Amino acid sequence: MKPMPRDRMFNVLVLGGIALVAGSACGSGAAVHVDAGSEDGGLPSEPRERADASVVDTGSGFPSEPPAPGTDAAARDAAVDGFSFPMEVQ
Amino acid sequence: MTAPSAESGRHIPWESFDAGALPAAGRKIVGDTWLERMKQEHLAVGAFSLLAQELAQDGCDETVLSLVTRAANDEVRHTEVCRRMAVALLGKDAVPARVRGLPKVPVHAGASREARVLLHVVEMCCLSETLTGVYFTEMLARARQPTSRAVLESLLQDEIDHGRVGWAYLSWRAQGKRLDGLAEALPAMLDRTAGRALRSAERSPEDDGLMESYGWLARTSAMAALRRALRDVIVPGFETLGVDLSAARDAIDTFLG
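So the sequence lines, in the order shown, correspond to chains A and B.
Numbered per our numbering, the first sequence finishes at 154, counting up by one with no gaps.
Numbered per our numbering, the second sequence finishes at 279, counting up by one with no gaps.
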């Protein structure tokens, strides 16, 4: 029996994506954990003695709240929110 | 030395853009979608940056990490391309010079870090970016105006990679049998992506082809493209990778009408 033809976009997106990691099995060759080298954090290249000064507590979790709405008229910036992952299609 | 442009990449012939054939009402409808897309592309910069952090923390194939970090940069360029399209259609005064803000990201309370990164990649890439890839492909098939076509080709090239990286990561996780939590989360994720896009498309007007020639989809073609993406790409993609769709079946059937 002939295989059923797939949608062209299925081939491009799904099969094309799967092909990118073909042969790279998850779990084979476990990743080695690395960290910033300091109990207090700091950037990876930051010397240990400077790490304390570089730590900024930004809280935890995701940025679930958008910044306060407002428009900086001088710079003509506009704050945006309302996005959860999907691209809004109109 | 010339400063790098946020819009570098495929050449777009902005100088030949002519919206003169489009009545004012049509320019407003098409221009508003590009303005909205500009905002969404900017928010996607934050979303991909978050994914890059999560993937770096949890570990993944290097191809995936490379594509996701690059995607954040792609979205900066997309924001500028969409801004220029909006300006071309609506005028400079109607479009902000730049936007700022971060996305609201599904928290998936109670999920482990390992599960959360999978859910985020699937929602952002396998669902949202895959829908966008099919949607833009349909838009390109209907676009006739040369600048609009160049814009769509420029965006689509990246959107395909943004979808692919999701399927790559899902495939990698499936090989390791690390899909815990996905089946249960899928109905809500489908609603936030396919459901939201379909509800939005349902509110779009119809068109005789004129607006579509400038890079836009009317109600019927938009809904058909989104349903095709779900039916012929996303669902078979999940099935191919052994994702349990039992909890999502009702939502899928509803969206496919």
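A couple of the hints might just be wrong.
Below, computed lysine to any residue pairings styled on SDA-like, alpha-carbon distance capped at 25 Å [to be verified]:
{"no.": "1", "chain 1": "B", "residue 1": "Lys50", "chain 2": "B", "residue 2": "Glu136"}
{"no.": "2", "chain 1": "B", "residue 1": "Lys114", "chain 2": "A", "residue 2": "Leu79"}
{"no.": "3", "chain 1": "B", "residue 1": "Lys199", "chain 2": "A", "residue 2": "Leu84"}
{"no.": "4", "chain 1": "B", "residue 1": "Lys114", "chain 2": "A", "residue 2": "His97"}
{"no.": "5", "chain 1": "B", "residue 1": "Lys50", "chain 2": "A", "residue 2": "Asp71"}
{"no.": "6", "chain 1": "B", "residue 1": "Lys199", "chain 2": "A", "residue 2": "Asn75"}
{"no.": "7", "chain 1": "B", "residue 1": "Lys50", "chain 2": "B", "residue 2": "Asp275"}
The calculated label-pair distances, taken between Cβ atoms and stated as ranges, are [to be verified]:
{"no.": "8", "chain 1": "B", "residue 1": "Ser38", "chain 2": "A", "residue 2": "His97", "range": "26 to 34 Å"}
{"no.": "9", "chain 1": "B", "residue 1": "Arg241", "chain 2": "A", "residue 2": "Asp71", "range": "19 to 27 Å"}
{"no.": "10", "chain 1": "B", "residue 1": "Leu232", "chain 2": "A", "residue 2": "His97", "range": "18 to 26 Å"}
{"no.": "11", "chain 1": "A", "residue 1": "His97", "chain 2": "B", "residue 2": "Arg225", "range": "14 to 22 Å"}
{"no.": "12", "chain 1": "A", "residue 1": "Val96", "chain 2": "B", "residue 2": "Val129", "range": "25 to 33 Å"}
{"no.": "13", "chain 1": "B", "residue 1": "Ser88", "chain 2": "A", "residue 2": "Asp71", "range": "51 to 59 Å"}
{"no.": "14", "chain 1": "B", "residue 1": "Pro35", "chain 2": "A", "residue 2": "Val96", "range": "26 to 34 Å"}
Hints listed in this document are in silico derivations from the structure and should not be mistaken for laboratory results.
Since we're looking at a predicted model, the values are computed, not measured.
C-beta atoms are modelled at their ideal positions from N, C-alpha and C, and glycine is treated no differently.
Here is how each hint holds up against the structure:
Between the alpha carbons of lysine 50 (chain B) and glutamate 136 (chain B) the distance comes to roughly 44 Å, so the proposed pair goes past 25 Å and is violated. Taking the CA atoms of lysine 114 (chain B) and leucine 79 (chain A), the gap is about 42 Å. The hint is violated against a cut of 25 Å. Between lysine 199 (chain B) and leucine 84 (chain A), the direct Cα distance comes to roughly 18 Å. Compliance with the 25 Å bound is thereby established for this hinted pair. For a cut-off of 25 Å, the pair hint linking lysine 114 (chain B) to histidine 97 (chain A) is broken: about 49 Å separates their Cα positions.
For the suggested pair lysine 50 (chain B) and aspartate 71 (chain A), the alpha carbons sit about 34 Å apart, so the restraint of at most 25 Å is broken. Straight-line distance between C-alpha atoms of lysine 199 (chain B) and asparagine 75 (chain A) comes to about 23 Å, which keeps the hinted pair within the 25 Å bound. Annotation: proposed proximity of lysine 50 (chain B) to aspartate 275 (chain B) is violated, straight-line Cα distance about 34 Å (limit 25 Å). For the hinted restraint 26 to 34 Å between serine 38 (chain B) and histidine 97 (chain A), the CB-CB distance of approximately 53 Å leaves it violated.
One distance hint, 19 to 27 Å for the beta-carbon pair arginine 241 (chain B) and aspartate 71 (chain A), holds here, with the actual separation near 22 Å. As the Cβ distance of leucine 232 (chain B) to histidine 97 (chain A) is approximately 57 Å, the hint placing it in 18 to 26 Å is violated. Separation of histidine 97 (chain A) from arginine 225 (chain B) is about 48 Å and departs from the stated range, judged on CB atoms against 14 to 22 Å. Under the hint 25 to 33 Å, the C-beta atoms of valine 96 (chain A) and valine 129 (chain B), about 29 Å apart, fit the expected range.
With their beta carbons about 27 Å apart, serine 88 (chain B) and aspartate 71 (chain A) fall outside the hinted range of 51 to 59 Å. Under the hint 26 to 34 Å, the C-beta atoms of proline 35 (chain B) and valine 96 (chain A), about 49 Å apart, miss the expected range.
The structure fails hints 1, 2, 4, 5, 7, 8, 10, 11, 13 and 14 (numbered hints given earlier, in ascending order).
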